[in-house]
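J.: Model the placement of chain B on the given structure of chain A, informed by the hints.
Protein chains: 2
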Amino acid sequence: MNHRPRLSHATRPATVEVHSSNERGEHLVTPIAGEYPLTIYLDKRELVTLMTLGQHPEALAIGYLRNQRLVASLNEIESVQVDWEVDSCAISTVAGIAGLESKLAKRTVTTGCGQGTVFGNLMDEIDSIRLPADRTLDETTYYRLMDNVRRYDSVYKTAGAVHGCALAKDDEILMFVEDVGRHNAVDAIAGQMWLDDIDGADKIFYTTGRLTSEMVIKCAQMGIPFLVSRSGLTHMGHEIARRVGITMIGRATGKHYLLFTGGQRFVRAAAASPASA
Amino acid sequence: MNHRPRLSHATRPATVEVHSSNERGEHLVTPIAGEYPLTIYLDKRELVTLMTLGQHPEALAIGYLRNQRLVASLNEIESVQVDWEVDSCAISTVAGIAGLESKLAKRTVTTGCGQGTVFGNLMDEIDSIRLPADRTLDETTYYRLMDNVRRYDSVYKTAGAVHGCALAKDDEILMFVEDVGRHNAVDAIAGQMWLDDIDGADKIFYTTGRLTSEMVIKCAQMGIPFLVSRSGLTHMGHEIARRVGITMIGRATGKHYLLFTGGQRFVRAAAASPASA
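Protein sequence lines, in the order shown, are assigned to chains A and B.
Residue numbers for the first sequence follow this note's numbering, beginning at 72 and rising by one.
Residue numbers for the second sequence follow this note's numbering, beginning at 72 and rising by one.
Here chain A stands alone, though its shape is the one from the complex:
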């Protein structure tokens, strides 16, 4: 039985309505995405303030600790309590975090639209990542998944200004998380994967966001061999995807896509043999 920390279940309204006027001078009531600061305290030590849509704050906090490599397993976490009265998330660990101060002292703030903070360390780590070589994704399943993603009822459709991430098995969406930042969405999925004891080896990760270095690293760290984005990619994102051998598809819109790396896992409908890329 998977250990489960004591969790609050605190969410914020995903959208709020504001007044605007358009180019015809018409007054409109426009739904916009929520954005709330959530300050994370780890054993009473202030760690970070995340600007979030606030839909999955507990999973987000756990995933942040996971992806920042501050905790190695869910078993280390005793409780995650979000209190929107004070915009804070109090995380208590079972036995404290060994060398927390030195871990935090070492952190480097990185950007490229990412939370970063441990990018340097992550780069050292990626060469040790091994993704399953035997998994495949066939084009027909891929298209069915893209269709499910497209039909998913999202905050983005209503209000825009958010990024979405989905964790899928074949064409089934297991989780769909949206947030103000790409990295919050992927962190929330990482946290929920721990909570639900879900392994990444047979999963597909979809994001509306760009495939920058940090995005590819996080996906690889979750052990997910397939990474699909509606958007483009950067050179470093491509380099890292090549190095870890992730199957990466970009510009996934409608019937179009570009397969950039790891083509041996992608089986085209027409082809009998895996695609080359």
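Since the hints were derived computationally from the structure, they do not count as laboratory data.
Check the hints yourself; a few may be wrong.
As the list makes no split between identical chains, a pair holds if one copy fits it or if it spans any two.
Heads up, simulated BS3-like pairs for lysine-lysine below, C-alpha to C-alpha not over 25 Å straight-line [what the hints assert, rightly or not]:
| hint | residue 1 | residue 2 |
| --- | --- | --- |
| 1 | K115 | K174 |
| 2 | K326 | K228 |
| 3 | K240 | K326 |
| 4 | K240 | K115 |
| 5 | K240 | K228 |
| 6 | K174 | K326 |
The model shown is predicted, which means the values in this text are computed figures rather than measured ones.
T.: Same frame as chain A, but now just chain B:
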């Protein structure tokens, strides 16, 4: 005469070409955006690693210091030297930064797809910001500017995966900066505004990125009364725009736009009087 630090002029290739294959199994050579780590050292003290497109690294580093409130004026900066051999930018100050360690100790890493790091402090600051009330932007000029932005020859058109920011006076684009992250692009413009001794009071700031809290705060801090985005906005972005009285236009595409705040500065072509929003 404006003080100008000694600057390197180091840039990286904006795009690189990689191989991909599309849904028809055709092999393509695809240009993608560069992404390079740039570690900033302030008086030999490691500060941050920015993931950047590398087009304006010196202005980016200066703008980062400015927007992080680590330096109050360009006069404090003696030299900015970027060396891509070691992916580093060495900044030396004239007389050191008073209380640098305490400033850095206080910093909170924030996200929402932003560099953040000083968000908490910024929030305290915004109430002291006063934007010029007498400036106006008329709709015809606005449309001409949007047309100039649309026609601008950008990395985005070639490779995608970057955000663009423009600083404009009336319909004239004074600067156009693209980068991997929204915040790098706005920081690079903030740095270049210092280098060229440009005041924000009669300027318009355009961004392809979403209008989140940090984006609106940075624009207000640069003293720019007009903020225009192709994308949407968040609730906190809207709240801050309202509080500082910035004229904010979102969803600016083609002939369409939504005016959200500060309508008194925006004069519609049809109307004799300012718009209401």
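J.: Confirm or reject each hint.
T.: Comparing the hints with the structure gives:
1. K115 - K174: Intra 16 Å, inter 21 Å, cutoff 25 Å: intra and inter.
2. K326 - K228: both (20 Å within a copy, 21 Å between copies)
3. K240 - K326: Close inside one copy (20 Å), not across copies (42 Å); limit 25 Å.
4. K240 - K115: neither (37 Å within a copy, 48 Å between copies)
5. K240 - K228: Cα proximity of K240 and K228: one copy only (23 Å, versus 33 Å across).
6. K174 - K326: Neither. Shortest intra-copy (45 Å) and inter-copy (51 Å) distances fail the 25 Å Cα cut-off.
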